[in-house]
Each structure stands twice: as structure tokens, then as C-alpha cells.
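If you want the working numbering, it's the 1-based position in the sequence shown plus 3.
One or more hints might be untrue.
As the list claims (entries may be wrong) - With a Cα cut of at most 20 Å, we get these calculated EDC-like pairs of lysine to aspartate or glutamate:
id: 1; residue 1: LYS49; residue 2: GLU29
id: 2; residue 1: LYS14; residue 2: GLU29
id: 3; residue 1: LYS86; residue 2: ASP197
id: 4; residue 1: LYS86; residue 2: ASP68
id: 5; residue 1: LYS49; residue 2: GLU89
id: 6; residue 1: LYS86; residue 2: ASP124
id: 7; residue 1: LYS86; residue 2: ASP98
id: 8; residue 1: LYS49; residue 2: ASP149
id: 9; residue 1: LYS49; residue 2: ASP98
id: 10; residue 1: LYS86; residue 2: GLU66
id: 11; residue 1: LYS49; residue 2: ASP193
These aren't lab readings, by the way, just hints derived from the structure by calculation.
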Amino acid sequence: MIAELRGVTKKYGRVTALNDVTLGLESGRVTAVLGPNGAGKTSAVKLLLGLTRPTRGRATIFEQDPREPGARRRTGVMLQVSKVPETLTVREHLDLFCSYYPAPMSVDAALAAADLTSVADRRYGLLSGGQRQRAQFAFAICGNPDLLFLDEPTVGLDVESRRSFWHQIRALASRGRSIVLTTHYLEEADALADRIVMLSGGTIVADGSPHQIKSRVASRRIRCTTSLSNTEIRDVASVQSARQDGAAVEIFTSDAERVVRELLARDPGLSGLEVTGAGLEEAFLTLTSVGAALSLGGLDRRTVAAAGGAR
């Protein structure tokens with residue numbers, strides 16, 4: 004484990020942002036921390052960075068207090084909101100940032116990784132929004148960190164820039180860097196993460212690989228038009244949920260073949276049949292709901308224990 008929250012509770016007055024959370028981050032993996040607004044993602048990241056202190060429990064990075072210089076020299080950070088002097092050029096900023104670290108990347112390498120070579124000598128204040136975002140990424144990686152925190156890194160980027168950003172994250176991970184990613188783009192988490200940790204209401208409700216998380220809810224989505232009621236559909240074995248979508252019904256199941264056979268047997272007039280994979284969005288909406296957090300608690304704990312992560 005290169006970073007850990009152990010038994011951490013974080014309160015802001017009467018508000019509990021995190022409640023007895025234990026989370027270990029393993030070396031060389033991309034871990035996506037997901038959750039709705041107010042779930043505790045930002046608090047977890049701030050605790051690991053030493054930007055705030057736990058009310059109870061302990062946060063460590065590289066077996067040190069996150070505020071220790073030795074820990075910070077091995078950590079890179081890209082936050083949603085950050086300010087740097089706008090009168091310095093991108094290259095001047097990188098010269099300065101690189102000086103903070105014992106074995107940084109070269110400035111030219113950081114510029115190339117963030118696709119900023121063409122604007123290296125442009126003042127930061129004259130950069131476009133997307134260029135500023137890429138500059139913040141360059142500042143985060145220029146120290147050649149062992150652990151990199153990326154907080155909503157692709158907000159505001161166009162599709163091409165986002166895909167280029169994904170390529171750079173994969174390249175860093177392939178070189179053994181550990182990355183913590185918080186994002187509202189579920190497609191991004193699905194594409195990049197080796198492990199997904201879902202928070203809801205200040206607790207961890209799911210922890211595993213993207214495939215494991217998606218299979219927790221359903222592996223397949225069935226869409227069709229049928230005379231069967233949603234109640235009748237839910238009575239079919241292996242159906243996990245069913246909901247109306249206009250004239251059609253969407254059914255989520257871990258055994259699509261069995262469910263389709265049973266639906267056709269009960270309703271020979273069934274039409275418009277489509278079977279697709281259920282995505283991370285469905286898992287996210289289900290697992291982060293308050294009802295799911297309560298009703299699936301035992302399963303969550305087993306999943307977390309198997310992953311070696313939070314309890």
C-alpha cells in the first residue's frame with residue numbers, strides 16, 4: 004500500500020463527510036473514486052494530500068504523514084481549482100515546478116506529454132481553457148511523481164483532447180505510476196481504471212474492477228415491448244430490475260438468455276427485442292442510492308475484502 008485511510012471519519016461541524024472509511028491504494032494501479040456530489044470524494048482526496056486532517060483515524064502516504072516533505076516530493080496533484088501567476092509563461096512555470104522535486108522530468112518532456120510545446124512561451128493568462136487544463140496536468144506530472152492525484156482532469160476538454168489525455172494517463176500507468184482519478188465522466192472511469200471505489204453518504208458502497216462493479220448490478224440490459232406488466236417481469240427468475248421507458252421496458256439481469264426465453268414463453272407477441280451490456284452508469288445509479296447502500300451492505304463488504312481495499 005502506498006497510501007491509506009484507516010478508520011477515518013471527517014466531520015465539518017455537524018456534517019459527516021466520511022464515516023469510518025478504510026481505503027488502501029496499491030502501487031501501479033489507476034484507482035477511480037466515484038460518487039454523487041457530497042459523497043465524500045473531495046474529503047478523501049484532501050485527507051490523503053494532507054490538506055485537511057481527519058476527525059478520527061489516520062491518513063498516510065508512503066507510510067508517512069501526507070504533510071511530510073518526503074511524501075509530498077513523491078506526489079503530483081491536479082486539482083479542479085488552482086491558481087498560478089498569469090504573467091509567467093508555461094515554460095517558466097514548469098521550470099519553477101520542476102525545481103521542487105529531486106528527479107523531475109525535463110521541461111520539454113512535460114510540455115510534450117501535455118501537448119503544450121507550441122504554446123510553451125505563451126503567458127499562462129493568455130491560454131485557452133483547455134490549454135490551462137493541460138498546463139495544470141503538466142505541472143502535476145513534471146516532478147515525475149510515484150503517486151498522482153487527478154481531480155476532474157478532463158472537465159471542459161473537447162473529445163479529441165480528452166482522448167489524448169486518456170492516452171497520457173495510460174502511458175503513466177504503464178510506467179508503474181499510481182494514479183487516483185476522481186471524475187463525473189463514468190465512461191472515463193470505465194476506460195482508465197483498474198479499480199473503482201464508489202462512495203455514497205460518506206461510506207464505501209462498492210470496490211472492485213469496472214467489470215466487477217458492473218456485474219454487481221447486472222451484466223446485461225434487455226429492452227423490448229411487451230404486454231407483461233413490470234411486476235410480472237420482476238417475478239421472472241434472474242431479473243434484477245425493470246422500468247418503463249416510453250412504450251418499451253428496460254430489464255436488467257445477469258442471465259439474459261434465460262430471461263429472454265421466459266419472456267417469450269409468457270408473451271409470444273413480445274417485439275422490439277434488444278440485448279446489450281449494462282454499463283457503469285446503471286451500476287453507479289443503483290449502488291450509490293441510499294436504498295442500495297443499505298440493502299447491499301453485506302455484499303459490499305465482501306467485495307471490498309476481496310479487493311483488499313476498504314471495509
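Right, here's what the structure says about each hint:
no., hint, in the structure
1, LYS49 x GLU29, "18 Å, holds"
2, LYS14 x GLU29, "26 Å, violated"
3, LYS86 x ASP197, "31 Å, violated"
4, LYS86 x ASP68, "25 Å, violated"
5, LYS49 x GLU89, "25 Å, violated"
6, LYS86 x ASP124, "18 Å, holds"
7, LYS86 x ASP98, "17 Å, holds"
8, LYS49 x ASP149, "18 Å, holds"
9, LYS49 x ASP98, "26 Å, violated"
10, LYS86 x GLU66, "29 Å, violated"
11, LYS49 x ASP193, "23 Å, violated"
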